[in-house]
Structure formats: C-alpha cells, structure tokens
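Generate the whole structure from the sequences, applying the supplied hints.
The listed protein sequences derive, respectively, from chains A and B. Quick note on numbering: our numbering labels position 189 of the first sequence as 490, and the sequence is numbered without any gaps. Quick note on numbering: our numbering labels position 186 of the second sequence as 487, and the sequence is numbered without any gaps.
Think of the hints as simulated: they come from the structure by calculation, not from any bench. What you were told as hints is all true, and nothing was included just to trick you.
The calculated label-pair distances, taken between Cβ atoms and stated as ranges, are:
{"hint": "1", "chain 1": "A", "residue 1": "Asp570", "chain 2": "B", "residue 2": "Gly340", "range": "17 to 25 angstroms"}
{"hint": "2", "chain 1": "A", "residue 1": "Ser381", "chain 2": "B", "residue 2": "Ala502", "range": "55 to 63 angstroms"}
{"hint": "3", "chain 1": "B", "residue 1": "Gln368", "chain 2": "A", "residue 2": "Leu527", "range": "41 to 49 angstroms"}
{"hint": "4", "chain 1": "A", "residue 1": "Ser381", "chain 2": "B", "residue 2": "Leu336", "range": "41 to 49 angstroms"}
{"hint": "5", "chain 1": "A", "residue 1": "Gly424", "chain 2": "B", "residue 2": "Glu396", "range": "43 to 51 angstroms"}
{"hint": "6", "chain 1": "B", "residue 1": "Ala560", "chain 2": "A", "residue 2": "Thr514", "range": "38 to 46 angstroms"}
{"hint": "7", "chain 1": "B", "residue 1": "Ala502", "chain 2": "A", "residue 2": "Asp570", "range": "20 to 28 angstroms"}
{"hint": "8", "chain 1": "A", "residue 1": "Gly424", "chain 2": "B", "residue 2": "Arg460", "range": "34 to 42 angstroms"}
{"hint": "9", "chain 1": "B", "residue 1": "Ala502", "chain 2": "A", "residue 2": "Gly538", "range": "28 to 36 angstroms"}
Cβ coordinates follow ideal geometry from the N, Cα and C atoms, glycine included.
There are 2 protein chains.
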Amino acid sequence: MCSAPVPREPLRRVAVTGGTHGNELSGVYLARHWLRAPGELQRPSFSALPVLANPAAADLCRRYVDQDLNRSFTNTFLSSRATPDELYEMTRARELNQLLGPKASSQAFDFLLDLHNTTANVGTCLIAKEACNTFTMHLFRHLQLQIPELSYNVFLYWRNVGETFSLDSVTKNSMTLEMGPQPQGVLRADLFSRMRALVGAALDFIELFNQGTAFPAFEMEVYRNLGGVDFPRTEDGHLAGMVHPQLQDRDFQPLRPGAPIFQMFTGEDVLYEGDSTVYPLFINEAAYYEKHVAFLKSEKLTVSVPSLPPLVL
Amino acid sequence: MCSAPVPREPLRRVAVTGGTHGNELSGVYLARHWLRAPGELQRPSFSALPVLANPAAADLCRRYVDQDLNRSFTNTFLSSRATPDELYEMTRARELNQLLGPKASSQAFDFLLDLHNTTANVGTCLIAKEACNTFTMHLFRHLQLQIPELSYNVFLYWRNVGETFSLDSVTKNSMTLEMGPQPQGVLRADLFSRMRALVGAALDFIELFNQGTAFPAFEMEVYRNLGGVDFPRTEDGHLAGMVHPQLQDRDFQPLRPGAPIFQMFTGEDVLYEGDSTVYPLFINEAAYYEKHVAFLKSEKLTVSVPSLPPLVL
Numbered sequence: 302m303c304s305a306p307v308p309r310e311p312l313r314r315v316a317v318t319g320g321t322h323g324n325e326l327s328g329v330y331l332a333r334h335w336l337r338a339p340g341e342l343q344r345p346s347f348s349a350l351p352v353l354a355n356p357a358a359a360d361l362c363r364r365y366v367d368q369d370l371n372r373s374f375t376n377t378f379l380s381s382r383a384t385p386d387e388l389y390e391m392t393r394a395r396e397l398n399q400l401l402g403p404k405a406s407s408q409a410f411d412f413l414l415d416l417h418n419t420t421a422n423v424g425t426c427l428i429a430k431e432a433c434n435t436f437t438m439h440l441f442r443h444l445q446l447q448i449p450e451l452s453y454n455v456f457l458y459w460r461n462v463g464e465t466f467s468l469d470s471v472t473k474n475s476m477t478l479e480m481g482p483q484p485q486g487v488l489r490a491d492l493f494s495r496m497r498a499l500v501g502a503a504l505d506f507i508e509l510f511n512q513g514t515a516f517p518a519f520e521m522e523v524y525r526n527l528g529g530v531d532f533p534r535t536e537d538g539h540l541a542g543m544v545h546p547q548l549q550d551r552d553f554q555p556l557r558p559g560a561p562i563f564q565m566f567t568g569e570d571v572l573y574e575g576d577s578t579v580y581p582l583f584i585n586e587a588a589y590y591e592k593h594v595a596f597l598k599s600e601k602l603t604v605s606v607p608s609l610p611p612l613v614l
Numbered sequence: 302m303c304s305a306p307v308p309r310e311p312l313r314r315v316a317v318t319g320g321t322h323g324n325e326l327s328g329v330y331l332a333r334h335w336l337r338a339p340g341e342l343q344r345p346s347f348s349a350l351p352v353l354a355n356p357a358a359a360d361l362c363r364r365y366v367d368q369d370l371n372r373s374f375t376n377t378f379l380s381s382r383a384t385p386d387e388l389y390e391m392t393r394a395r396e397l398n399q400l401l402g403p404k405a406s407s408q409a410f411d412f413l414l415d416l417h418n419t420t421a422n423v424g425t426c427l428i429a430k431e432a433c434n435t436f437t438m439h440l441f442r443h444l445q446l447q448i449p450e451l452s453y454n455v456f457l458y459w460r461n462v463g464e465t466f467s468l469d470s471v472t473k474n475s476m477t478l479e480m481g482p483q484p485q486g487v488l489r490a491d492l493f494s495r496m497r498a499l500v501g502a503a504l505d506f507i508e509l510f511n512q513g514t515a516f517p518a519f520e521m522e523v524y525r526n527l528g529g530v531d532f533p534r535t536e537d538g539h540l541a542g543m544v545h546p547q548l549q550d551r552d553f554q555p556l557r558p559g560a561p562i563f564q565m566f567t568g569e570d571v572l573y574e575g576d577s578t579v580y581p582l583f584i585n586e587a588a589y590y591e592k593h594v595a596f597l598k599s600e601k602l603t604v605s606v607p608s609l610p611p612l613v614l
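Written out as structure tokens, the structure reads:
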C-alpha cells in the first residue's frame, strides 16, 4: 500500500529545505537567500516556507554535528524523550517534526522539497520513495517537460526494510532533489542556478494543481534502489582500493557482470560479480565512505503513472 | 637572499608527507599505503620516509582537528611550551618538527615532498617557495620532461610577509604537489595514480642528483602569488554571491580588468576591477572559504634557473 495518497485539497503548506546536510552548499545558500528574500517562493495560492534544516552543521560546514540528520526521523527518535546531553540532530529532528509534521499526521505539511548535493556525477537526480507517489511522479514529469535541457534521472530509494528515516518522510508528499557533482563545502554557480530554476518549476506545478489542472497518465523510466556495495578495505577499516577509473563518473550507466569496479592500491582490478546488469549511482559520494557504500546499485524500470485528477474546487 | 641553498652532499634523508590536510585523500591513502608497503619509496642511495602528517584529522576525514596544521610551523608555535590543553595541531607540529627538522637546523631532513589536493581545477600544480629554490626548480623541470603529458603549472607562493608557516618550511629543500579538482573526502583513481607516478619521478630525480648528474640551466614559466580575493559577503559573514560561471574552473587562465568574477544571489555580476591582467588559481577551493579567499591572484613570469652543479662524490 502506498503511503502518499493523491491530494484532495489544494497544497497550501509547502516547505523547501536546504542544508539538511550542512556542507551541501546549493541548498544551504538557497535557503539562506530565501530566508532573507522569500518573494521567489510565493505563488497565488500558497507561499513556500524556506527552512535551513541543520543550521549548526551549516555553520560548521559539515554534513552533521553528531549524527546524520537525514537518518534521524524514525518514530523511535522522534518519540524519544529529550535529554540534556542528547545528540544535536535528535533535538533538531524533533523541532523539524513539530514544524513540518508531525510525521504521519493530518497536521503535517502538504509538500516538502528537500535540496541536496553529491560529489557523484548524478546530474539532476529526482528522488521519490516509491513509484506509487503519484503526485510526486507527476511533479517529476512536469520538471522534465518544463526544463527539458537537463539530464534527469528518477531514483526510487525505498527498499521495504525498516521504517522511514529521512526528512522527506515527515510531510504528506515530498521530493528530494540531488544535484552533482559538487564538492562538499563548495558552491558552484551553475548548479545553484539550476537548482533554483527547478524549485521554481516545482512550485509552479503545485500552483497549477491548486488551480484545478488535471494531468494525464504517462510512462516514465526510473531507477530503483538495490542496495549498496562497499569499498575493498584493509583489516583496520581503511580503503584497500578505490573506485575503478572505468566506473568513476558513470552514474546511471549500465554495469555488466565482469566489468571492473575497484582498483586495488596493489594494482589489480576487482570485477563486478553480480549475475545481471545494474545501474550504479552515488558512485564515490564522499559522505558514503563512512556508511560503507562505494556506490548504490539500481535496476532500470519503466513505470506507468496514472492520471492526476483535477481538484474539485 | 634565498633560504634554500643548493645541496653539496647526497640527499639521504627524504620524506614524503600525505594527509597534512586530513580530507585530501590522494596523499592520505598514498601515505597509508606506503607505511604498509614502503618498497616503492626506495632508491639505491636513499629510502624516502612516508609520513601521515595529520593522522587524527585523517581519521575524522577533516582538514584539521583544531587549527590548520599547514599554518602551524612558525617559530612562535614550534618554540612554545607544550601545555596539557593545547590545540592538537600545535602538538603535532612540534612532533613533525622533531621528526623532520628542527626547522632551519643542520639536522633537518634534506628534502620533503608534501602531497595535497584541491577542489579547484589546478591540474598538476608544483609549488615552491621562491624561484631561487634552484634544486626544487630543477626537480620541477625533471617532472615536466619525464611525464610531459600532464598540464603542469608552477606556483611560487612566498610573498615576503611574516615568517614561513607551512610543513614544507621545516626541511632544507622541499616541494608541495597540489592536484585537482578532487572533492574533499573523495579518492579518485586517476589523481591517485598520477600523484603516485609524480612522487616516483621526483625520487628518481633525487637519485640522479645523488649519483653525480649535472643539470643544465633553463628558463621556466611560473605563476607568482599576488594574494587573495574574498567572496562578496552579507553583514553576518555568509556569502552574498558565488564565483562567476565564467571564472569557475579557469585556474591559470588570464583574468582581464572588467571580466566577471562573482555572481550575486540577487542576479548582478561583480567585475574584476584590477588594472592589469592576473592569473587566478585555487578558484573556489573549499578550504579557503573560511580563510576569506575565493581565489588567489598571480602574475605570470619567466624565470631563469641556473645550472645545478654535479655533486663531487
């Protein structure tokens, strides 16, 4: 059963979050700019709320202070009692849950657009939980049609294990925008402008929907998460090799059994031993070294998205 | 007067340092690899010592723990008394000064090769203090001739203000190798292999010198440091704009008066107001945001380097 039903009312409570990871600077600086000059986020039927999600991490220009905020929105964390010495991101997750949720409640915000960067060559990566998030899939389709010059990849991250943990799980509907490659702690003008244009087009889509526009069914190519592959490591946990030059920067390109994936420091190649072609992404993302992920594998699918019925205004 | 006289004896005490900045992973992982397998650093007349310069920062994958190690080698810091609660890098700078120096003493190591990465598009950047570092300039020339397929830029950083502060000032002669672009916290196989080959060729040059080889005079194009330019900032110190797309990635390309250098978040361009052409480098280097440097300016010169006389063996 899909967790994100199609909206039956106009979306009035919309948030745009940047700096969920404090060293992903496109979102950090868009959020800071919009907090000073919010006019760009206004539409006739709503005004999107800009939020700097992890301000303490952004001030330090680090991904997080104590733990990854974007893994902190489990019910376990959110329902735990505050303690004086708790991790910063636990406090901050509870604050954001109060502001934008509560998670899975009727009071939660209607839509969240969470802005991220990666060091991987993913281009413009539109991330949803599942293909059955019909509203979000229509939003992705709208972006593809409105700004066709970008090379989009739609990624579905949910693997049906455990409970949801990311900021985008707090609101009724959501999308995550990943743009790369951009180093941590660096703001590139080209990515900043592209992300700004995409947020504008996303808000335009919500406005169209709020005004009663219907959107027809379509088919879309997507990549579905199959889990991560770790680096080769030494017995002390350090790398023993690195992403192979023939895999580096080839996010969303087919990886066939027998192709090289790692180059050991001693010189030899490690080959991909799976039994079918996969599509790697987040290849060599800096933040995933500590998560023991050199890249994610995905499968490529075509999904049918039903029409989005017009609101009865 | 030049601080680095031409060696009159074979160079026996040679060190290769990586991880002076703990999130510049080419040097971190080369040092870790060579500490396990040092054979690659051996030559007939010497064995270079691999050193992981800032192991605590490397373990955290941060540039530094408390302060920038590569700004900690002033006489003031090195001669201060150790205290129990002092900054980590002050302790570590003293340890490295004991291991590789003491700075400006006859017991100091003969040569240091310090390995760095940058998020800027500097290619293979060979850094010396001044053009009068004759031995180092000959080493650069050797690298250019031995591995001609790399696009080298020779940068002279010293501006004759204050005292020297970097790790490479501790030994009698030295060079710093900067390779980019590479994000902080990411290890790219292409840069790793190139850095490894350059270190090998540098050790080969020292071996040739130790064996009594003479090297003729030559002329070389170099870039000399003219100081930094900060980002436009808001009153609270955050960025108000970013490196202009027409400047981004154009390290060592001419920047003419009137050309755009920044793009403000409000849309307008900031133009370069200098009165002569300069050559920017370290454009949009992540670690320099906190140092208030969006890029360094340099001037392009041709310097004459005298012959390097053979050792009398």
